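Novice: The primary structure of each chain is shown beneath.
There are 2 protein chains.
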Amino acid sequence: MLAVLIAFPLSGQQALWGGEDIISPEIHPDNSVTFRLNAPKATTVQLTGDCVPTRKQETPFGTFDVPGTVNLVKNEKGIWEYTTPPLESELYSYSFLVDDLKINDPNNVYMIRDVASVTNVFITGGGQGDLYKVNRVPHGTVARRWYNSPTLGYDRRVTIYTPPGYEESTDNYPVLYLLHGMGGDEEAWIALGRTVQILDNLIAQGKAKPMIVVMTNGNVDQEAAPGESSLGFYKPTMQLPRTMQGSMEESFPEVITFIDSNYRTIRTKSGRAIAGLSMGGFHSLHISKQYPDSFDYIGLFSAAIRPDERVQSPIYDNFEEKLALQFEKKPALYWIAIGKTDFLYQANVEFRQLLDEKGYPYTYYENEEGHIWKNWRIYLSEFVPLLFQ
Amino acid sequence: MLAVLIAFPLSGQQALWGGEDIISPEIHPDNSVTFRLNAPKATTVQLTGDCVPTRKQETPFGTFDVPGTVNLVKNEKGIWEYTTPPLESELYSYSFLVDDLKINDPNNVYMIRDVASVTNVFITGGGQGDLYKVNRVPHGTVARRWYNSPTLGYDRRVTIYTPPGYEESTDNYPVLYLLHGMGGDEEAWIALGRTVQILDNLIAQGKAKPMIVVMTNGNVDQEAAPGESSLGFYKPTMQLPRTMQGSMEESFPEVITFIDSNYRTIRTKSGRAIAGLSMGGFHSLHISKQYPDSFDYIGLFSAAIRPDERVQSPIYDNFEEKLALQFEKKPALYWIAIGKTDFLYQANVEFRQLLDEKGYPYTYYENEEGHIWKNWRIYLSEFVPLLFQ
Numbered sequence: 189m190l191a192v193l194i195a196f197p198l199s200g201q202q203a204l205w206g207g208e209d210i211i212s213p214e215i216h217p218d219n220s221v222t223f224r225l226n227a228p229k230a231t232t233v234q235l236t237g238d239c240v241p242t243r244k245q246e247t248p249f250g251t252f253d254v255p256g257t258v259n260l261v262k263n264e265k266g267i268w269e270y271t272t273p274p275l276e277s278e279l280y281s282y283s284f285l286v287d288d289l290k291i292n293d294p295n296n297v298y299m300i301r302d303v304a305s306v307t308n309v310f311i312t313g314g315g316q317g318d319l320y321k322v323n324r325v326p327h328g329t330v331a332r333r334w335y336n337s338p339t340l341g342y343d344r345r346v347t348i349y350t351p352p353g354y355e356e357s358t359d360n361y362p363v364l365y366l367l368h369g370m371g372g373d374e375e376a377w378i379a380l381g382r383t384v385q386i387l388d389n390l391i392a393q394g395k396a397k398p399m400i401v402v403m404t405n406g407n408v409d410q411e412a413a414p415g416e417s418s419l420g421f422y423k424p425t426m427q428l429p430r431t432m433q434g435s436m437e438e439s440f441p442e443v444i445t446f447i448d449s450n451y452r453t454i455r456t457k458s459g460r461a462i463a464g465l466s467m468g469g470f471h472s473l474h475i476s477k478q479y480p481d482s483f484d485y486i487g488l489f490s491a492a493i494r495p496d497e498r499v500q501s502p503i504y505d506n507f508e509e510k511l512a513l514q515f516e517k518k519p520a521l522y523w524i525a526i527g528k529t530d531f532l533y534q535a536n537v538e539f540r541q542l543l544d545e546k547g548y549p550y551t552y553y554e555n556e557e558g559h560i561w562k563n564w565r566i567y568l569s570e571f572v573p574l575l576f577q
Numbered sequence: 189m190l191a192v193l194i195a196f197p198l199s200g201q202q203a204l205w206g207g208e209d210i211i212s213p214e215i216h217p218d219n220s221v222t223f224r225l226n227a228p229k230a231t232t233v234q235l236t237g238d239c240v241p242t243r244k245q246e247t248p249f250g251t252f253d254v255p256g257t258v259n260l261v262k263n264e265k266g267i268w269e270y271t272t273p274p275l276e277s278e279l280y281s282y283s284f285l286v287d288d289l290k291i292n293d294p295n296n297v298y299m300i301r302d303v304a305s306v307t308n309v310f311i312t313g314g315g316q317g318d319l320y321k322v323n324r325v326p327h328g329t330v331a332r333r334w335y336n337s338p339t340l341g342y343d344r345r346v347t348i349y350t351p352p353g354y355e356e357s358t359d360n361y362p363v364l365y366l367l368h369g370m371g372g373d374e375e376a377w378i379a380l381g382r383t384v385q386i387l388d389n390l391i392a393q394g395k396a397k398p399m400i401v402v403m404t405n406g407n408v409d410q411e412a413a414p415g416e417s418s419l420g421f422y423k424p425t426m427q428l429p430r431t432m433q434g435s436m437e438e439s440f441p442e443v444i445t446f447i448d449s450n451y452r453t454i455r456t457k458s459g460r461a462i463a464g465l466s467m468g469g470f471h472s473l474h475i476s477k478q479y480p481d482s483f484d485y486i487g488l489f490s491a492a493i494r495p496d497e498r499v500q501s502p503i504y505d506n507f508e509e510k511l512a513l514q515f516e517k518k519p520a521l522y523w524i525a526i527g528k529t530d531f532l533y534q535a536n537v538e539f540r541q542l543l544d545e546k547g548y549p550y551t552y553y554e555n556e557e558g559h560i561w562k563n564w565r566i567y568l569s570e571f572v573p574l575l576f577q
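Residue numbers (this note's numbering), protein chains in the order written: chain A, 189 to 577; chain B, 189 to 577.
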């Protein structure tokens with residue numbers, strides 16, 4: 189009785205304004221997925237996202253695959269509905285288009301922000317997607333901390349994963365520094381990258397060594413992710429000043445010093461990896477060659493390679509000389525991954541040609557599709573088992 | 189050039205599908221707020237939330253104030269628009285109704301989940317709302333950790349705030365255990381309660397002692413918040429089994445043991461506070477009287493008081509005897525707060541009558557409105573400065 193009395197007014201007053209009991213998305217045993225929306229006055233309702241076939245879009249820069257749309261139809265109860273064919277095991281994101289207005293699914297509270305867009309997500313199991321699920325395995329700790337950056341002149345936020353058992357142990361642990369792309373921040377690998385789940389699951393399966401993962405903010409003009417800084421709740425933008433002009437690379441030793449001072453780490457090259465996607469791959473490339481004694485494992489995921497030629501920074505000077513020194517010191521792993529349709533594919537071909545010419549050893553991983561988080565999650569789950577072995 | 193080439197396809201391929209450059213909400217210097225939506229095919233667009241005047245809703249349980257609606261109108265560019273009068277400084281949540289379909293604002297990436305509803309949020313400054321903003325002050329650390337619960341039989345997730353300076357210090361710190369209400373979880377006080385910002389700001393202002401804040405999950409049948417457990421991405425519900433049947437209170441010493449084993453805490457009654465809202469206030473009441481040597485500071489925010497009479501648990505036996513023992517041991521602060529229109533107001537009147545009859549000292553804080561997060565944020569910001577002084 190009390191429970192009923194509590195529950196009703198809570199929902200009446202705030203929690204459940206207008207909630208209707210619709211399940212969407214509903215994932216069926218064969219991984220087909222039903223989407224539902226109650227929109228009685230709508231003329232058309234469509235589904236868009238990476239769970240529907242792409243369409244080609246012509247642009248001045250070329251032809252790109254962009255998310256297509258499929259139509260929902262009204263069922264006998266007046267609810268708009270669509271069921272996909274069985275989907276491969278993955279993490280998918282989607283939105284509805286109601287009379288062309290893009291909206292989130294009001295029956296799905298799970299969403300991920302990518303720059304200024306928030307889309308709903310779901311995971312289908314039975315394969316790669318299982319790595320992205322929270323399973324009943326030992327869980328690491330995720331901390332959002334702030335460190336002082338004397339170089340940049342303010343406190344900055346960083347996301348740190350410590351593996352299961354870290355707090356109970358007295359051992360020192362290796363560290364993976366994991367860098368985001370343009371438009372990302374210290375939340376990107378957690379939210380879009382499912383880093384915590386990938387690490388927890390790979391460690392539980394015995395496929396990865398327990399390691400600390402440090403997810404920095406690579407936008408040197410930014411204290412923290414949008415909404416987490418003194419700038420308040422502003423609308424995020426894709427490009428930020430000074431992200432690929434050398435300051436990130438110059439200030440990076442501060443992060444290492446902070447981590448080594450605050451965690452039980454292996455404080456040598458053999459205990460450090462650095463990897464990143466796109467701009468973060470670019471940062472990983474240039475940081476690892478700038479500090480050739482710091483990282484034994486380097487991962488370039490869909491990486492940008494060369495700086496804009498107008499940029500003046502000592503970080504980018506003497507590219508080949510620094511690379512020669514880095515490889516002279518024999519990194520344990522130099523891992524390059526890219527998808528066949530990635531717009532940075534050719535830049536990576538040219539970079540690999542350079543490495544081949546010089547006889548620098550690297551490991552190459554190529555797969556389908558392009559510059560998308562699906563690939564970066566795959567690259568992380570392929571890369572992590574190779575570290576600190 | 190490279191930057192442009194990177195930026196375009198990134199947005200083309202994934203990040204900025206269909207983003208239009210509309211600012212919504214736009215907070216003006218006088219705290220009036222403009223909302224905007226591009227919905228060319230819509231017939232009506234309305235704003236609802238706690239930033240518009242309430243309306244009365246009749247129900248079988250009585251008349252409740254529920255969020256009202258106001259109409260947006262199309263401006264000269266065809267964008268739907270509405271500007272509020274100046275709003276008091278607060279955190280507000282809102283949604284749009286497009287032809288009666290409730291949607292999130294596609295131009296505002298800031299949202300908070302409350303049970304199964306996700307609404308957009310914004311903060312107006314110049315008063316109470318400033319406590320809820322991230323300001324350029326020293327920031328504490330927020331960790332999501334898992335601890336083993338032998339009583340409940342599985343690992344459970346807990347959110348822990350450590351104050352600025354904790355990591356650099358060797359001091360022991362006092363601990364506030366902060367409990368959520370029905371429908372909440374270990375994310376509720378962080379997301380809806382702005383605990384981190386309130387603590388960072390009050391500590392920076394010298395109004396609160398640096399303290400650790402432990403936000404537990406009070407649903408004993410739940411490993412973790414929705415989406416953070418092995419149950420996956422299910423639709424959250426308001427009521428969960430066994431939340432007010434004694435198991436939370438019985439298992440609570442495990443949490444204290446975990447915190448005291450993993451943090452530099454003051455391990456005595458004078459170094460511990462417990463507070464909660466609604467069901468969490470109920471838990472705080474019953475936990476603090478069950479373990480009368482454990483907490484010197486107790487906060488009941490809009491608390492439920494008495495258990496459902498059908499519930500059998502030794503925790504709830506001998507209510508008055510346990511209360512007598514608790515007050516015999518002279519807690520430093522017994523703080524009761526409630527809003528005038530709260531549906532639990534009368535239950536709190538009766539509880540205070542009991543305390544008055546017995547001569548048990550307590551501090552009472554009453555304000556306007558009812559069972560809403562606005563009040564719980566206010567109560568937290570009033571309560572925290574009273575602790576550990």
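Just so you know, the hints here were simulated from the structure itself, not pulled from any lab data. Errors might be hidden in some of the hints.
Repeated chains share a single entry, so a pair holds when one copy, or any two copies, can fit it.
To be verified - Calculated lysine-lysine pairs in the BS3-like style (CA-CA distance at most 27 Å, straight line): (1) 423 to 229; (2) 229 to 290; (3) 321 to 457; (4) 423 to 457; (5) 229 to 262; (6) 262 to 290; (7) 265 to 423.
All of these numbers come straight from a predicted model, not from anything done at the bench.
Novice: Which constraints among the numbered hints does this structure fail? Numbers only, ascending.
Specialist: 3 and 4
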